[in-house]
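Turn these sequences into a full structure, and let the hints guide you.
The listed protein sequences correspond, in order, to chains G and R.
Take 20 as the starting number for the first sequence in the numbering used here and just add one per residue.
Take 67 as the starting number for the second sequence in the numbering used here and just add one per residue.
Careful, some of the hints might be misleading.
[Claimed, not checked] Quick look at which bits of chain G chain R covers, simulated, 3 or more residues with Cβ under 8 Å:
(1) 42–55
(2) 62–76
(3) 108–116
(4) 175–188
[Said to hold, decoys possible] List of simulated lysine to any residue pairs, SDA-like, C-alpha gap at most 20 Å:
(5) G:126 with R:242
(6) R:107 with G:180
(7) G:176 with R:204
(8) R:200 with G:166
(9) R:200 with G:149
(10) G:125 with R:113
(11) G:127 with R:245
(12) G:126 with R:239
(13) G:91 with R:165
(14) G:153 with G:46
(15) R:207 with R:165
(16) R:207 with R:217
(17) G:153 with R:220
(18) G:127 with R:237
(19) G:125 with R:246
Note that these hints are calculated values from the structure, not bench results.
Where a beta carbon is used, it is the ideal one built from N, C-alpha and C, also for glycine.
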Amino acid sequence: MKPGISLVDLVLLFTLTSLLAVGGVTAALPDIHRQVVDVHGWMTSAEFAELFAIAQAAPGPNVIIATLIGWKVAGFWGALAATVALCLPSSVLAYTMSRVSMRHEKKKWNVAIKSGLAPITIGLITASGALLTKAAVQSWASAVVVLVTLALSLTTKVNPIWLLVCGGLCGVFGLVG
Amino acid sequence: MSVGPSASSVSRTELFLGFFEIGVLGFGGVLPWARRILVEKRGWLTDAELTELLSMGQMLPGPNVTNVSIMLGARYHGPIGSVIAVCGLMSAPFVIVLALATLHDRYLDVAAIRGPIRGVGAVAAGLVLSTALKLAMALPKRWWVAVLAALTFGAVAVWSVPLVFVLLALAPVAVFIAWRSAP
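Below, the structure is given as structure tokens:
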């Protein structure tokens, strides 16, 4: 493994992904897999799946998979470089757009864009919740967990961290899936 | 109709800490925490304002909540604010994930954490659905809003249309209708 070359490839890959991943990293995942496993041969498919599992165990936005890939390929600096590469380009774009939007806050086109997109955003979030549910529900027990979480979250002020802990415990005791 | 807090009311430290909370607690997904911390706990945004930022974030590449942190950070403290917010969001996950990876290499078996991950995943799914519903309550009660939300949901969750096509098809229509409906 030649760390110098890999680092450059890492940064290039994630910079590109950053700019193409509309709607988030999850959509870009199959392509990242292809690049990392098939094109660059940095790891096997099984190793990728392992990294993905660890990424799921950690908190944070989905970019964290880049941190792990970077770490696997080039240690700590790889992790940092990959994370920055994935976040920076899209962040610069987001910053620019937010300045534009703030400057024209009261304009009719701006208001129309925001109110027009709002229902689409809600639709997308609901859809992602549905897809997450589909992926998570492997048994009646996991379905119950989803429903109970939904009910408690809507009707009580319980801190979600407790719900997550309970979910994790259910999993530890083999009650889920 | 509530007004958002003014820029001067959020210090750089608070900005960092607020997003740090979202990041460190975000097991299974950050969106529910983003809403809980930004809207419920700290009152930096209303549900409607969060939806606005998420909408912009959705149209742009990059992870949505990260985009929200950039935009909100910019609103309070310009470019530095964006950096502070994103660093706040990412620091805990970065450290935690590398710690987990190191532990995994030396001690743990991935199979051992599969159970808890699945449990957490189920809870996370419920939390996302709950967040969606709470944000939905802040939507204006118009027929076209409901139809658009339903169409989007159907396209993605039921008919598996790729996101890019959904946005390309529905976004212009939505903006046009919103423009026509505006007073």
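Going through the hints against the structure:
Counting residues of the stretch 42–55 of chain G whose C-beta sits closer than 8 Å to any C-beta of chain R gives 4, which meets the bar of three, so the coverage hint holds. Requiring three or more residues with a Cβ within less than 8 Å of a Cβ of chain R, the coverage given for the stretch 62–76 of chain G holds, as 7 such residues are present. Only residues whose beta carbon comes within less than 8 Å of a beta carbon in chain R count, and the stretch 108–116 of chain G has 7; three or more means the coverage holds. As drawn, the stretch 175–188 of chain G meets chain R at 8 residues by the rule of a beta-carbon pair under 8 Å; at three or more, the given contact holds.
With a C-alpha separation of about 15 Å, the suggested pair residue 126 of chain G and residue 242 of chain R falls inside the 20 Å cut-off, and the hint holds. Of the pairs offered as hints, the one joining residue 107 of chain R and residue 180 of chain G holds, with about 14 Å between alpha carbons and a cut-off of 20 Å not exceeded. Using a Cα cut-off of 20 Å, the hinted pair residue 176 of chain G and residue 204 of chain R holds, with the two alpha carbons roughly 18 Å apart. Between residue 200 of chain R and residue 166 of chain G the CA atoms are separated by roughly 16 Å; this keeps the pair inside 20 Å, and the hint holds.
For the given pair, residue 200 of chain R sits about 15 Å from residue 149 of chain G by alpha-carbon distance, which is consistent with the 20 Å threshold. A distance of roughly 19 Å separates the Cα atoms of residue 125 of chain G and residue 113 of chain R; the hinted pair therefore holds under the 20 Å criterion. Note on residue 127 of chain G and residue 245 of chain R: the hinted pairing holds, with a Cα-Cα distance of about 7 Å set against a maximum of 20 Å. As the CA atoms of residue 126 of chain G and residue 239 of chain R are separated by approximately 19 Å, the hinted pair is consistent with the 20 Å bound.
A hinted pair counts as satisfied when its Cα atoms are at most 20 Å apart, and residue 91 of chain G with residue 165 of chain R qualifies at roughly 13 Å. Taken as a hint, the residue 153 of chain G and residue 46 of chain G pair is honoured in the structure, with Cα atoms around 16 Å apart against an allowance of 20 Å. Between residue 207 of chain R and residue 165 of chain R, the direct Cα distance comes to roughly 47 Å. Violation of the 20 Å bound is thereby established for this hinted pair. Taking the CA atoms of residue 207 of chain R and residue 217 of chain R, the gap is about 16 Å. The hint holds against a cut of 20 Å.
Restraint check: the Cα-Cα separation between residue 153 of chain G and residue 220 of chain R comes to about 14 Å, which is no more than 20 Å; the hinted pair holds. For the given pair, residue 127 of chain G sits about 16 Å from residue 237 of chain R by alpha-carbon distance, which is consistent with the 20 Å threshold. Using a Cα cut-off of 20 Å, the hinted pair residue 125 of chain G and residue 246 of chain R holds, with the two alpha carbons roughly 16 Å apart.
Checked against the numbered hints above, the structure breaks only hint 15 and satisfies the rest.
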